[in-house]
Amino acid sequence: MASGAVDALLEIARSHPIYLAIAAIVTYLVGGRIYEYRRLRAFPGPFGSGISWLWHSRAVISGDSHIYYGDATEKYGPIARVAPNHLLTSSPELWAHINAVRSPYTRAEWYYHAARFEPGKDNVFTECDNEKHDARRKKMVAGYAGKENPTLEPSIDTHVKELVELIRNKYAAAAASNEVSKPMDLASKMAYLTLDVISDVGLGKAFGDLKTDSDVNDYLLASATGLRIANLSFGLGISWLRAVPILGPAISPSEKDATGFGRMMAEARKIVQDRMVKSTDERSDMLASFIRHGLSGDDLFQETFEQILAGSDTTSAALRIIMLYIMTHPRVYTKLQAEIDGAVKAGIASEVIPDAEARRLPYLSAVVREGLRVHPPVVNLFSRVVPEKGDAVTVDGKEYFLPGGTMIGYSAWSMHRNNKTLYGEDAEVFRPERWFVDDSDPSEKDRLARMYKTNDMVFGFGRWQCVGKVVALIEIHKTIFELLRNFDFSLTNPHKPWHIFNTMGLFDITDMWVDVTERP
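251 is the number that the UniProt record's numbering gives to position 251 of the sequence shown; each next residue is one higher, with no gaps.
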């Protein structure tokens, strides 16, 4: 009987080859999924994550993937499974090992190529070949570090002053008066600042958002829209469509577009081309440094456009986050403002405080670190690929084997915000004082060193550390100092301080309304 059934099936397959093809495809897909499930069965994770990407898709599309990832590692341990071939870690030690300068791990095309803004074209962030990435990064480090950009800090000062004047002249109520302030969206003003700064120091020409108090050419709108689309397609698993010939270019932004992301690219390319025909001696900035170190043609454009997007979104998110936590913690607000006032009275703060002086203010430094820790402004998955032969690692005293070809990313939320082992039982609390420890206690001194190392991973680590870290920290320290030096802030809607949505690991923050009073 069984033999007869088999013969019948074979006859159907011969008569209808389409059925045979379908059966072969199904067998291949099911077999592949079973193989993936078994090779990572040692790692627990959310229900269904071993056989399906649905849990991960839901996390991404929700706009709260960082919380989903944090919950996964909190519940299932320092290495959790979040998809058939994807692991997630909350271990700072393991993440440092994976990202070491000479690490054999590589970036995962599945994640990074979904972040390309043009199909098939890479920048220092999306490049997955280690040698090509290292070579590209080497050409850019001097420009970002300010070594060949003597106007870096003065340019930032110019735009911080523009921000202060904009708030004073248009939104702030006068000190000691009954005047009513005009509610101000702090989220948009932080974006105007960071976009003006990065376009000035990067392209040599500020876009002028602060001067006009507007999103000139709708760059910010285009960026936010583009990230939302990228996040949705990534969550649905259809990012690969952009790499399909004919279809990819048709659904991607074009420099011929009259508005949106495409127009933003066209304007940036025009600025780059104009600078290419001029001597780099005329103005020494990031773009000039890139050119001097060998970047040219489309590679130069890709890096320049990437720095505008990444340099603006990440730093503006950090500023919004830190300001929110300051405003919602009166004790911290009062203590920080007292330190700032003391610096002004001591004469160390000129029109805009020098970066070197700002870094010497211990409480300001602690507030910045604590803000970046308790609510990391960048929560990318940063997926890596385990080397072909696999990797034996030890986490919290337990040994694990990571099979070759497996993707592994990191959970910023659990590594920084929820890390009670390192930061204490109140790790979820915004408390800058945790950064002050008893230096006479060797164990506490060692713990502080580990806190610093882990906190610095907000900007990446080792081979893939953020090249814009220097610029971002200068902006953040100066801006927080000058805002609290000149104004008092309060939330207009404490019950709903902002609207926040995670897009590809970057926070889209809007509607952060505040009331501002000028300080005497």
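It is worth saying that the hints were derived from the structure and are not from the lab. All values reported here derive from a predicted model rather than from experimental measurement. Wrong hints could be hidden among the right ones.
To be verified - Below, computed lysine to aspartate or glutamate pairings styled on EDC-like, alpha-carbon distance capped at 16 Å: (1) LYS420 with GLU165; (2) LYS469 with GLU74; (3) LYS335 with ASP511; (4) LYS270 with ASP299; (5) LYS138 with ASP299; (6) LYS211 with GLU165; (7) LYS182 with ASP511; (8) LYS170 with ASP488; (9) LYS121 with ASP299.
Said to hold, decoys possible - With beta-carbon atoms standing in for the labels, derived distance ranges: (10) ASN217 with THR394: 47 to 53 Å; (11) LEU422 with ARG41: 43 to 49 Å; (12) ASN217 with ARG359: 52 to 58 Å; (13) PRO44 with THR259: 44 to 50 Å; (14) LYS278 with PHE401: 37 to 43 Å.
Think of the CB as a built atom: it goes at the ideal place given N, C-alpha and C, for glycine as much as any other residue.
Now for the hints, and whether the structure bears them out:
no.: 1; hint: LYS420 with GLU165; result: 42 Å, violated
no.: 2; hint: LYS469 with GLU74; result: 29 Å, violated
no.: 3; hint: LYS335 with ASP511; result: 27 Å, violated
no.: 4; hint: LYS270 with ASP299; result: 14 Å, holds
no.: 5; hint: LYS138 with ASP299; result: 14 Å, holds
no.: 6; hint: LYS211 with GLU165; result: 9 Å, holds
no.: 7; hint: LYS182 with ASP511; result: 14 Å, holds
no.: 8; hint: LYS170 with ASP488; result: 15 Å, holds
no.: 9; hint: LYS121 with ASP299; result: 9 Å, holds
no.: 10; hint: ASN217 with THR394: 47 to 53 Å; result: 52 Å, holds
no.: 11; hint: LEU422 with ARG41: 43 to 49 Å; result: 30 Å, violated
no.: 12; hint: ASN217 with ARG359: 52 to 58 Å; result: 35 Å, violated
no.: 13; hint: PRO44 with THR259: 44 to 50 Å; result: 47 Å, holds
no.: 14; hint: LYS278 with PHE401: 37 to 43 Å; result: 55 Å, violated
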